[in-house]
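Novice: Take these sequences, add in the hints, and give me the full structure.
Residue numbers (the UniProt record's numbering), protein chains in the order written: chain B, 1 to 81; chain L, 1 to 323.
Hint data in this document are derived by calculation from the structure and do not stem from the laboratory.
C-beta: ideal position from N, C-alpha, C; glycine also.
Certain hints may be false.
Have a look at the derived ranges for each label pair, beta carbon to beta carbon [what the hints assert, rightly or not]:
{"id": "1", "chain 1": "B", "residue 1": "Q62", "chain 2": "L", "residue 2": "M179", "range": "31 to 41 Å"}
{"id": "2", "chain 1": "L", "residue 1": "K66", "chain 2": "B", "residue 2": "K51", "range": "19 to 29 Å"}
{"id": "3", "chain 1": "B", "residue 1": "T34", "chain 2": "L", "residue 2": "A159", "range": "40 to 50 Å"}
{"id": "4", "chain 1": "B", "residue 1": "Q62", "chain 2": "L", "residue 2": "S257", "range": "24 to 34 Å"}
{"id": "5", "chain 1": "L", "residue 1": "K294", "chain 2": "B", "residue 2": "Q62", "range": "16 to 26 Å"}
{"id": "6", "chain 1": "B", "residue 1": "K22", "chain 2": "L", "residue 2": "S224", "range": "33 to 43 Å"}
{"id": "7", "chain 1": "L", "residue 1": "K314", "chain 2": "B", "residue 2": "K51", "range": "29 to 39 Å"}
Under the rule of at most 27 Å between Cα atoms (straight-line distance), these lysine-lysine pairs were calculated in the BS3-like manner [what the hints assert, rightly or not]:
{"id": "8", "chain 1": "L", "residue 1": "K7", "chain 2": "B", "residue 2": "K51"}
{"id": "9", "chain 1": "L", "residue 1": "K176", "chain 2": "B", "residue 2": "K45"}
{"id": "10", "chain 1": "L", "residue 1": "K218", "chain 2": "B", "residue 2": "K45"}
{"id": "11", "chain 1": "B", "residue 1": "K45", "chain 2": "L", "residue 2": "K311"}
{"id": "12", "chain 1": "L", "residue 1": "K176", "chain 2": "L", "residue 2": "K314"}
{"id": "13", "chain 1": "L", "residue 1": "K314", "chain 2": "B", "residue 2": "K45"}
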Amino acid sequence: MSQQDIQAPFPGVFYRRPSPDKPPFVEEGQQVETDSVIGLLEVMKQFFELKTDEAGTITAFQVEEETVVEAGQSIAVLEVK
Amino acid sequence: MTIDVIKPGLATSIQDTGRQGSYHLGIPPSGGMDQRSLRAANLLLGNPEGAAVLECALMGPELRFKESRCVATCGAEMTPRVNGEAQPLNEVFRVPAGATLSFDFVKAGARLYLAFEGGIDVPEKLGSRSTYALGSLGGLDGRPLQAGDQLNLLPPSAAAREGRQLPEALIPQFSKHYMLRVVPGIYDHRLTDESRERFYEEDWTVASEADRIGYRMKGGSPLSFIEREPPFGAGDDPSNIVDACYPIGSIQVPSGSEPIILHRDAVSGGGYAMIGTVISADMDWVGQIQPHQKVRFVPVSLEEALAARAKYRKGMEVLRQMP
Chain B
1 MSQQDIQAPF PGVFYRRPSP DKPPFVEEGQ QVETDSVIGL LEVMKQFFEL KTDEAGTITA
61 FQVEEETVVE AGQSIAVLEV K
Chain L
1 MTIDVIKPGL ATSIQDTGRQ GSYHLGIPPS GGMDQRSLRA ANLLLGNPEG AAVLECALMG
61 PELRFKESRC VATCGAEMTP RVNGEAQPLN EVFRVPAGAT LSFDFVKAGA RLYLAFEGGI
121 DVPEKLGSRS TYALGSLGGL DGRPLQAGDQ LNLLPPSAAA REGRQLPEAL IPQFSKHYML
181 RVVPGIYDHR LTDESRERFY EEDWTVASEA DRIGYRMKGG SPLSFIEREP PFGAGDDPSN
241 IVDACYPIGS IQVPSGSEPI ILHRDAVSGG GYAMIGTVIS ADMDWVGQIQ PHQKVRFVPV
301 SLEEALAARA KYRKGMEVLR QMP
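Specialist: So this is what it looks like as structure tokens:
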């Protein structure tokens with residue numbers, strides 16, 4: 001077991017849902033595959049999908065919906081088996 | 001010689017010193033938003049100063065080199081890596097054949113300029129290789145890079161020298177709070193006195209939608225315009241004017257709420273009052289401001305703006321003379 005930080009690759013606004021009336025991409029405690037989308041980062045009128053590099057469990061989100069994040073800031077914690 | 005684009009980054013586009021002389025036809029200059037850094041990267045390599053480079057906004061691309069080439073990166077601080085090994089910014093280094101060039105997260109600034117020995121080979125459109133994405137003109141098929149693209153390079157000039165560095169004094173120092181000098185006018189008489197003064201006294205936050213077309217600002221007090229009967233041809237909103245030309249750098253405030261600084265991909269005209277123009281010497285800085293960072297506008301006279309432009313040009317001369 002190891003823990004991975006999923007970091008913001010650039011500064012932007014973080015969203016956990018594909019749109020305001022949809023459920024979050026993943027819930028805390030949910031198992032995910034490699035390349036699973038865990039949220040969106042918005043900047044310059046573009047939405048960028050944040051994906052997992054490995055399979056595992058998303059144990060925690062470090063930021064709230066619609067938080068302004070800096071490049072490199074931790075977004076979520078992925079526990080890899 | 002081909003470079004494979006494995007990952008394009010966020011908004012990576014081919015840019016040079018821009019396309020002058022067509023703005024009156026609606027074609028903006030485009031070109032690198034931070035011209036000083038674009039030119040510095042080319043000059044380091046011994047390229048023509050206006051050779052086409054990659055402008056990498058907020059997140060760098062991942063590229064595979066089929067042949068060995070020297071490159072230089074200037075502007076935003078994103079550590080370059082060759083096959084994972086960190087390389088210096090503001091210095092010429094070689095990427096071996098078959099190697100992958102990638103970048104770390106941006107630490108400061110917003111746009112990195114990646115120049116290749118020889119420069120990028122795409123056809124010139126209206127005298128420039130710059131990408132104008134809104135008009136699908138120039139660059140690679142008139143758009144930002146995509147995964148799977150291939151870039152051709154012009155023959156190397158043999159002038160590139162590995163390890164050549166930009167002198168410390170010529171490296172821009174990025175901040176999180178910028179002072180941008182503005183020549184007020186030509187429509188600021190439309191603002192109330194109180195509103196005009198307050199505009200220059202408040203901090204503005206760069207909105208997340210700030211891009212090559214314009215930098216939108218939030219967080220300051222809404223501006224109020226003087227009541228008037230709209231002249232023939234102007235819209236009903238108090239911020240409307242009879243359509244006029246928009247200079248690059250001009251600041252418009254649609255409905256008085258969020259000022260927008262037009263940059264190098266701007267539309268050439270429209271019906272919003274311009275309350276001032278960011279001076280040419282400070283436009284490179286605008287291109288290096290990250291979304292959510294702060295800006296204060298500082299009013300200056302036309303004489304001060306011209307003196308700043310002369311100083312900027314002298315700085316460019318120093319860059320051209322660097323050892």
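Novice: Against each hint, give a clear statement of whether it holds in the structure.
Specialist: Verification of the supplied hints:
1. For Q62 of chain B and M179 of chain L, the hinted distance range of 31 to 41 Å is satisfied, since their beta carbons lie about 33 Å from each other.
2. Look at K66 of chain L against K51 of chain B: about 28 Å separates their beta carbons, and that is inside 19 to 29 Å.
3. Between T34 of chain B and A159 of chain L the CB atoms are about 45 Å apart, so this pair conforms to the stated range of 40 to 50 Å.
4. Between Q62 of chain B and S257 of chain L, the C-beta spacing of about 32 Å keeps the proposed range 24 to 34 Å intact.
5. Judged by the Cβ atoms, the range 16 to 26 Å given for K294 of chain L and Q62 of chain B holds: they are separated by roughly 24 Å.
6. A C-beta distance of roughly 39 Å is found between K22 of chain B and S224 of chain L, which places it inside the suggested range of 33 to 43 Å.
7. At roughly 47 Å, the beta-carbon separation of K314 of chain L and K51 of chain B lies outside the given 29 to 39 Å, and the hint is violated.
8. Between K7 of chain L and K51 of chain B the alpha-carbon distance is near 14 Å, which keeps this suggested pair within the 27 Å criterion.
9. For the suggested pair K176 of chain L and K45 of chain B, the alpha carbons sit about 21 Å apart, so the restraint of at most 27 Å is met.
10. A hinted pair counts as satisfied when its Cα atoms are at most 27 Å apart, and K218 of chain L with K45 of chain B qualifies at roughly 15 Å.
11. Taking the CA atoms of K45 of chain B and K311 of chain L, the gap is near 35 Å; set against the 27 Å cutoff, the hint is violated.
12. This hinted pair checks out: K176 of chain L and K314 of chain L have alpha carbons roughly 26 Å apart, not beyond 27 Å.
13. Straight-line distance between C-alpha atoms of K314 of chain L and K45 of chain B comes to about 36 Å, which puts the hinted pair past the 27 Å bound.
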